[in-house]
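**Student:** In case you want the letters, here they are:
Number of protein chains: 2
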Amino acid sequence: MVEITRRSALAGAAVALAAAPVTSASAAAPQAGAQAPGFYRYKVGDIEMTTVNDGVSAMPIDDGFVRNVPKAEVNAFLESTFRAPNVYSGPYNPVLVNNGRQLALIDTGTGEAALSASKGLNGRLLMNLAAAGVDPASIDLVILSHYHGDHMNGLIRADNSLAFPNAEILVPDVEHKFWTDDGEMSRAASPRIEATFKNARRVLTADVRKRLRPYAWGEEIMPGVTAMSTPGHTPGHTSHVVSSGGQSLYLQADVTHAPFLFARNPGWHFMLDVDPVAAEATRRKVYDMLAADRMMVQGFHYPFPAAGHVEKTSTGYLEHIVQWSPVL
Amino acid sequence: MVEITRRSALAGAAVALAAAPVTSASAAAPQAGAQAPGFYRYKVGDIEMTTVNDGVSAMPIDDGFVRNVPKAEVNAFLESTFRAPNVYSGPYNPVLVNNGRQLALIDTGTGEAALSASKGLNGRLLMNLAAAGVDPASIDLVILSHYHGDHMNGLIRADNSLAFPNAEILVPDVEHKFWTDDGEMSRAASPRIEATFKNARRVLTADVRKRLRPYAWGEEIMPGVTAMSTPGHTPGHTSHVVSSGGQSLYLQADVTHAPFLFARNPGWHFMLDVDPVAAEATRRKVYDMLAADRMMVQGFHYPFPAAGHVEKTSTGYLEHIVQWSPVL
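Protein chains in written order, with the working numbering: chain A, 7 to 334; chain B, 7 to 334.
A couple of the hints might just be wrong.
Same chains, same label: a pair holds when it works inside one copy or across any pair of copies.
Said to hold, decoys possible - Below, a list of computed lysine-lysine pairs in the BS3-like style, where the Cα atoms sit at most 27 angstroms apart: (1) Lys216 - Lys49; (2) Lys49 - Lys291; (3) Lys49 - Lys125; (4) Lys204 - Lys183; (5) Lys318 - Lys77; (6) Lys204 - Lys49.
Rather than coming from a laboratory, the hints here were simulated on the basis of the structure.
Isolated chain A (complex conformation) (with noise of 0.2 angstroms):
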């Protein structure tokens, strides 16, 4: 009996392949060195929903990633959950939600231009789009959740021109006036909101301004599709409940950034966070009730299929990520 470890493995490996190598009278087929499309559909009642990836990113940790938790403790808690430490490689998971009648696409990834500047990591949602057999002349609404650029860069294709041209652009009114707002911009508390600022301008184009339409907190912009007020991580930061036939699920967008950090540790401010106090108490809030409810889950930042339920442990919630399933 071969003893079960992985030195002994190793060693009765080598010594294997010296006394009889394997061979083949078949060539092999070639490694395909690609990975499969990253979408993954499920209904919500009559509604589909398609999780469409747009990849992930690949952030240095330093000591200001998480604002109050030092960079060690950070990787620590990474490599408790087989992560690697020093990089954050947090996914971005765009949405389509087609109720039979409108197909909208609730946020649009880091854009086109992102994917050779992250040699493709991450830009990825046309081309995912494409696998899933979605033109984006045929989506009828783009919602934002917010305005950071890993959700609005993708109203811009490479070339500035509009990604999804037939579509009216949902954006949430409190998140519009605070950016578009010079006032605020010049009262900006870091680089990084400045920056923010700036780039909410650069992907507003006057193409894209024609087509906004701002929605409020409390309405239902599409059949199904209602505005949630989560403010926090940005002053209009807005989550969307989906609901049909007795079934709902709420897309969180970011009310946690990647869960396996922020939905375990509730009390971690993500440096993005603009106010972290108020992006706290809304996390504790929708976790609460996800938690209590048992209600379905969907998190720009999940790990994909980014669908899940959270569990409320002793120290903060726990995503459950769904089975894949191989039929609707």
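With chain A's structure known, arrange chain B on it following the hints.
**Tutor:** Showing chain B alone in chain A's frame:
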């Protein structure tokens, strides 16, 4: 500010719809109604791995499903993982191993005939191989872990022809000897085990038998892939260690059946374990090693994409499935 509870969200939605029905000028794209292809690639050193999903089961949970735990307790545990009770939905995940010289398929799923019988829930391996661009005729080796139907039935197509016509079929020698022994069959401990003997005889057609090559525990059966002794689930149940370039992966087959049941509760005895006491001993030994070494593991019944790591907890082992990566 909108109250963020599901009840008020639904009430608010009804009010908003009554107040301002949303209309669209453009026709919606049709709902797709089908899932994305179920395959996922990653590297172990220079070896390219591809998980190819065969679908999921839908098995009723009765008091014998876990031999030593009543149905009510199994149901309560499933609900704690946000899974539905009464029906066990367990994934099937064969895996391709391409070492650049040979392309091997480890385990074959429930078989093409299962596709219609299960109404598309399983029997999807050939479809997902096609989606991954893999011609069944290009597979050099089929490697079986053991002789349960969900691992071996895919050797033959619905018309009983060879599914992988050019492949040598590598089978664990202990396993083959047991399930093809008429004396062992005459002593089968239950109708379920007797049915496994008969199914093996059905699948081991003359064409299959011509291509069989038994292998031994400890043998490197293709460069980079070594057979590991993990008996209990069946007498010849075999795992495989994949090693390349200083990286390694433990393909655990059914050391635990579904990890969300049997890794988290290693003392639970699955109804299909031929020797549940030996299976538990193997499981604890392998999982203690996987947790201590933080070794990457893939399981046939792990949630797709079926690769991850395991953490030792106070009550068992918790699986952490890998985060989907858009690049290899």
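**Student:** Looking back at the hints listed earlier, which ones does the structure fail to meet?
**Tutor:** Hints 1, 6 not satisfied by this model.
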